[in-house]
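Asker: Residue numbers (full-length UniProt numbering), protein chains in the order written: chain A, 1 to 352; chain B, 1 to 279.
Just to be clear, a hint being listed does not mean it is correct.
[As the list claims (entries may be wrong)] Below, simulated DMTMM-like cross-link-like pairs (lysine to aspartate or glutamate); rule was C-alpha separation at most 20 Å, straight line:
| id | chain 1 | residue 1 | chain 2 | residue 2 |
| --- | --- | --- | --- | --- |
| 1 | B | K44 | A | D343 |
| 2 | A | K62 | A | D284 |
| 3 | A | K352 | B | E30 |
No lab work stands behind these hints: they were computed from the structure.
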Amino acid sequence: MDMIRNGLSRRSVLKLGAGTAAASFLAMPAIGRAAPTSLSVANGGGALGDAFKAACFDTFEKKTGIKIISAPYMEGARLKAMVEAGAVDIDVTDTDSSEAAPLAVAGLLDEIDYSVVPKDGLIDGAVSKYWTSCYIAGCVLSWNTDSAEDGRPKNWQEFFDPKVKGRRTLWKNAAQTMEVAALGAGQTLDKLYPIDIDRAFAMLDGIRSSITWWTSGAQSAQLLANGDADFGMCWNGRVDPVKQQGGPIDYTFDYSLHTPGIWSLPKGGRNRDTAMKFIAHCMDPEVQAAFSKLIPYGPTNDKAFDILSAEERARMPSSPENRKLSIAINGDYWHENGTKIYDRFNTWVVAK
Amino acid sequence: MKQRSFLLYLPVALLLTPFFLAPMAVIGTESFSGQHGIGAEYVKVVTDQGIRTVLYNTFYVAAMVTILSLLIGYPIAYVLARLRGRWATIGIFLIFLPFWASTVIRSFAWMILLGRKGPVNSILLGIGLIEDPIRFIDNGLGLMIAMTYIMVPFIVVPILNGLRAIDPNLPRAAAVLGANPWRQFLAVTLPLSMPNVAVGCTIVFVTSLGFFVTPSLLGGDLTVVSMLISEQANRLLDWPLASALAIIVLLLTIVIFALLRLSQLASRRRGKARSGVFA
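So here's chain A without its partners, still in its complex pose (with noise of 0.2 Å):
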């Protein structure tokens, strides 16, 4: 009851900058459904998160004085276990879309109102009933120009061909790996789903003993840096900033998987209208340009790229010119056919 009255104090108090998550949980009731003073945003932190907070973050609560509390991470099995427990503290996640198709599907993310969320000057994908996407990361043919520069493989077709010699990192991990393998197989970007899973396994079958496994951004690139691997497929973000620090690491956006980054919702958060406002924000030409001169992952609106050089155009895997040859990964195939595939690869990746 104490909390009721000295709601006006309360929230003064917060404004003054103690504002964490916790304090803003207890100011709630009192302020009822009036807007939040803070909105708690889960991200992939790093790199990431440095950009996120200058670009997004920041200039929301310029515009809104609204704070923007940066939470960790929210893999899927902590999602799940949020929203089911009816705890549901975090009001925006940053994920990619093959990770929230199975929590779309299981009913555990809220949809985006598109009447709040401007379409506007979105590129095709970046639009879907529960999440926008606000960034594109380019799964990307890479390798170490120390040892591969000459005869490195210009495409998946080359990658995958046991008669080019070289050691190969590849991510222990069915999505992507397979939609790689099947290019290599010869199946076209725009006949890529559903994917020839027995033509990519020969593929895989074929350079088998060449593998060398990463399952984390940062071991691919430092595998390639460390000349342990030859060529790979790894995420830009992860491979430009050791090209820009003069690494002996090239990459090539040709033949890329684009892997949309995207703002969904946590299914019960309390502050769905602010979460909303939050998302148009971050799909404004300007925030999107500030974001991608920070991490090179690019921009979802097509007007960033007026604001950005052509230099940083060039780095960018979803400008005009990169996207030309690249596709979307399809997180709704990899929800109805995962289970099976994933079985598969996981039994290929031990067996003897």
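For this one, chain A is given, so just place chain B on it according to the hints.
Answerer: Below, chain B without anything else, positioned relative to chain A:
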């Protein structure tokens, strides 16, 4: 007496019931809640060739790491037990020094050290021991090296405690009776330290079963069960299967330790019958 020893278990029970037994019950229930019929997840775990290989890998790596940690840790504990005063403190400090860095960083460091062009392969190639680089990071060898490096302190400490608790008069008595140092060790010190060796091995084995970060970075084609559970729980959202995997690992671990305990009891009974001294 009986009554009082029961009460001594109470704090443990109060701790384990909410923080271990209750969560295990939840996981157990979850494992039977799949959509493919009751027990379908267990049938899959037992019959799927890939999952069986992953389970085998997990226990194989844990067993190898336990053996390697024991072989390296016992001599270290033996030397530390003979150090006195400041040197003993420094020795223990050095054993725990690696804990100042996180497992992620130490695993990454091993990835670099053991890489195709890393220092270890460079040295081995340089002195002509090998002709092609050893693929440490692809075949599980590097994983076992890194995990052993992480686990050695966990076996040194219990063995060190055991060795320090041995009455120094006992090896002396053996010497008086004509036993050379090697014989003193084998007949007196080693058997007396065996209970602590068992404790250390248990800690290392059980902890090794649950490693996640190190196998992710250094496992190569050797997938372990924690990675599979994480994939099922996070990426595929198949909690029943993830739970069934966890329960199977728990059951297999219990079976292994029950068998060990039985063989221990059996050998103790034999030992009693033989000597009747160190029972």
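Asker: Please go over all the hints and tell whether each is borne out by the structure.
Answerer: Now for the hints, and whether the structure bears them out:
no. : hint            : verdict
1   : B:K44 to A:D343 : 11 Å, holds
2   : A:K62 to A:D284 : 15 Å, holds
3   : A:K352 to B:E30 : 32 Å, violated
Hint 3 from the earlier list is the only one contradicted by this structure; the remaining hints agree with it.
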